[in-house]
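Could you put together the complete structure from these sequences and hints?
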Amino acid sequence: MLEDGKDVGMFEDFLFMLQHLVAAENHAIGSYQSTGDKTFLEINTKIRRIRSKWMYKFIPENKSQIYCLTKHLAGASQGIKEVSNRFVEANENQLAEECFKDAQDIEAIIILLNEQEKTKEFKEPSFINKYILGGSHV
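Under the numbering used here, think of the first position of the sequence shown as 244, with each following residue one higher.
What you were told as hints is all true, and nothing was included just to trick you.
Straight-line Cα separation of at most 27 angstroms, DSSO-like style, residue types lysine-lysine; simulated pairs:
| # | residue 1 | residue 2 |
| --- | --- | --- |
| 1 | K300 | K324 |
| 2 | K324 | K296 |
| 3 | K324 | K344 |
| 4 | K296 | K281 |
| 5 | K289 | K324 |
| 6 | K300 | K289 |
DEER-style ranges, computed between Cβ atoms:
| # | residue 1 | residue 2 | range |
| --- | --- | --- | --- |
| 7 | K344 | K300 | 26 to 32 angstroms |
| 8 | S274 | E332 | 20 to 26 angstroms |
| 9 | N328 | E255 | 16 to 22 angstroms |
| 10 | K300 | E340 | 30 to 36 angstroms |
| 11 | F259 | E332 | 20 to 26 angstroms |
| 12 | R291 | E340 | 30 to 36 angstroms |
FYI, nobody ran anything at the bench for these hints, they're computed from the structure. Yeah, the Cβ is synthetic: ideal placement off N, Cα and C, and Gly gets one too.
Okay, structure coming up:
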């Protein structure tokens, strides 16, 4: 828990859950496409409802597209981590490290987007660049 009462670990756990639910949705659709078994569509619908329920609990309602952006960025972050693991297996460690860093940056962006929506302002851009994104982006 941070001094301001914010639980960064809780949001990180939420992102982890979200990433896996998005991946599970994709696998359910892929299973339907490869087998034609409509049970996978029902499974996908149930997973999607669970994901949506929890996203609405963590992401403030707004008129922007923070909700959808969060979902897509979480899925992208999970995908990048999967690619990174494949690079590790292929002994391409530099590419793996680059992927892991990009995934970390995407997760920081998700946190910033949702914090910005709550406060309606971003923190000092140089602070974000230096301490959260490691000076590599923004």
